[in-house]
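First to last, the sequence lines map onto chains B and H. Every letter in the first sequence is one number past the one before it in our numbering, and letter 342, counting from 1, is 386. Every letter in the second sequence is one number past the one before it in our numbering, and letter 214, counting from 1, is 258.
Errors might be hidden in some of the hints.
To be verified - Covered stretches of chain H (in silico footprint by chain B; criterion: 3 or more residues with CB under 8 Å from a CB of chain B, positions within the stretch not fixed):
hint, stretch
1, 70 to 76
2, 127 to 140
3, 158 to 165
Stated by the list, open to error - A few chain B residues that face chain H, going by a derived Cβ cut-off under 10 Å, partial list only:
hint, residue
4, 67
5, 69
6, 75
7, 80
8, 82
9, 134
10, 137
11, 187
12, 199
13, 206
Hints listed in this document are in silico derivations from the structure and should not be mistaken for laboratory results. Quick caveat: nothing in here was measured; it's all calculated off a predicted structure. We put the CB at the ideal spot given by N, CA and C, even for glycine.
Protein chains: 2
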Amino acid sequence: MTGVLDRRDLRARVQQALDAFLLEHRAALDAMGPELPPVADALVAYVAGGKRMRPGFCFWGCLGAGGADTDALVTAAASLELFQACAIVHDDVMDGSDTRRGRPAVHRAFAALHRDAGWSGDEEAFGTGAAILIGDLALSWSDEMLVTSGLAGPTVLRVFSQMRTDVVGGQYLDLVSQASGAGTVAAALRVAHWKAAKYTVERPLHLGAAIAEADPVVYAAYSAYGLPLGEAFQLRDDVLGVYGDPEVTGKPAGDDLREGKRTALVAMALETASPAQQDLVRRHLGDPDLDAAGVEALRDVLLDTGAVDRVERMIDERLEQALAALDTAPLAPEATEVLRELATAATARAH
Amino acid sequence: MTGVLDRRDLRARVQQALDAFLLEHRAALDAMGPELPPVADALVAYVAGGKRMRPGFCFWGCLGAGGADTDALVTAAASLELFQACAIVHDDVMDGSDTRRGRPAVHRAFAALHRDAGWSGDEEAFGTGAAILIGDLALSWSDEMLVTSGLAGPTVLRVFSQMRTDVVGGQYLDLVSQASGAGTVAAALRVAHWKAAKYTVERPLHLGAAIAEADPVVYAAYSAYGLPLGEAFQLRDDVLGVYGDPEVTGKPAGDDLREGKRTALVAMALETASPAQQDLVRRHLGDPDLDAAGVEALRDVLLDTGAVDRVERMIDERLEQALAALDTAPLAPEATEVLRELATAATARAH
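Extracted from the complex, chain B is given alone in its bound form (with noise of 0.2 Å):
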């Protein structure tokens, strides 16, 4: 995926642009006491590990539009990231993850800051503080970021609100989903599609039409290739969660089955395990404990049920859809040929 994203240089320039921005606006914050440092380094460290996938898709879904490749489209399009570094650590503090990408969630970074400070009180109350507050202002900055780009007119500022309430509404029929247990297979796809499909592809694609000024053709053909897609990232994301490589995840080898993720994997798992295969998942699935043999025997039942293999075959499903979407989409040829690319690569198996 790296190599399309570095088409037109765009990594290393979204790099740039959060770059200025932090360092202008930070001053600001830093100048209110030594204490605040920590606050605006928690950003800068969380958006240099970014993958860029949905400023990819802003900047490409432009190009797409006919839009023209500009370095205020960029800033533009770097505005998500700042927007995801508030998705990301608001989920930790919900989802109470110890480790992102390798490193301590920032809940758990500024309860480690408390506690090498020697205060007193509530280590973890105060590190879920903090990450409240430092995504509060991922959050407020995202949106300065997008204005101060100029491209932000009325129906850009559109599409962004939507995004942002698609956000917090998935985010919710998520947080829903876990408590009340539904767990069925449409449950979870729901979820996916307000999380995944909209959030990370549709609307960043939309986002950056609507800076192109695109006729309504393009972001209906943008919605053919992104919603498909985005179930199938997500689904791929499921089966990476159980099966995937540490380092390339990030994350401990089955830390979804610890966390008792309700996926859609665990669900088709669950429609034709048999009883003995359901009380194991009853028993592992959502222990913090669990061990690496408990991980294996949870990892059995997803293979011996054949849910890994029918969540592949919806991935491909959703792929050749994304893909047959762009064959008549009316954009222009290497912008159609990068989210060929990006709908591959971000869809591969890694195992």
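For this one, chain B is given, so just place chain H on it according to the hints.
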């Protein structure tokens, strides 16, 4: 205070603007699924209860600078209530507060929803997650409401962005100050500067000034009025947090003492407290189970050390400074009158 904020029917118009915005914007959210309505309901309920202080400063800040009284201005001003909703909902999570304005805090309300639904997992974690998301939504929507007012030119957006950064920084300073137990008067006043003086008074006035495209001299006058006044607000709030009538504050009597807030009032008492008094504060302040007798004992220390008198004098001095700034401010006469009344009403002793 009700009276002065009702001039030009402001409070009713702010409510109308919020109702119209929320009705329109909740539609997309509610359409995402039958689980969603409680999310927007929480915001609707929250914004119904505000004092409209920040919208008031924005509105009169604009009129004071020669701006026109339009519905667009009211919409822009009302967006500050949605921003405040984010600040409060997230603040209550960070402080672990149970109540807000006499009702359960949002995170507690969603923990109850989890319990009533008989869902599995940790109800507290669900409540926290929901409150984080609802705050994020309020933050996103506040910005959207400001933009859709049609008055959000570059200067307006810059002031709004500065305000958002101030609040995050101020809240973080507050977290650190509570955790590190610095507990000095200076530390408490620094937090008050960012969280109350800039956020509650100066920035809303500047937002109004920006909407009116005011001259720099108006911004300076608003700072000269707003910064001391905002500190006075915070100091009054500190006193009310200890001695206020629960009917008026919406919180149980002595709640700030149970939460262990390191206010300027407490810091001042500790400066002159006898060893026995210091010991009493150490034992009781921050005890979540503090009973009425304990509250009374702490109140006596604050009175006997002269801290309450000193804080009252500080409030008077700051109010005087604010009013003196108005005497020479180049503002429309009606606005000057309103700002004078607002200052007096919001710093008045309620006991």
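Now the hints, each set against the structure:
1. 70 to 76: This one holds; 3 residues, not fewer than the three required, reach chain B with a Cβ under 8 Å.
2. 127 to 140: holds (count 5)
3. 158 to 165: With 5 residues closer than 8 Å to chain B, the stretch 158 to 165 of chain H meets the three-residue bar; holds.
4. 67: 14 Å, violated
5. 69: 7 Å, holds
6. 75: 9 Å, holds
7. 80: Constraint on residue 80 of chain B satisfied, holds at 6 Å.
8. 82: For residue 82 of chain B, the interface hint holds, since the closest Cβ of chain H sits about 9 Å away, which is under 10 Å.
9. 134: 5 Å, holds
10. 137: Hint on residue 137 of chain B: holds, closest Cβ of chain H at ~7 Å, below 10 Å.
11. 187: Holds. Min distance 5 Å.
12. 199: 12 Å, violated
13. 206: Check passed: Cβ of residue 206 of chain B comes within 7 Å of chain H, closer than 10 Å.
Going through the hint list in order, the structure does not satisfy hints 4, 12.
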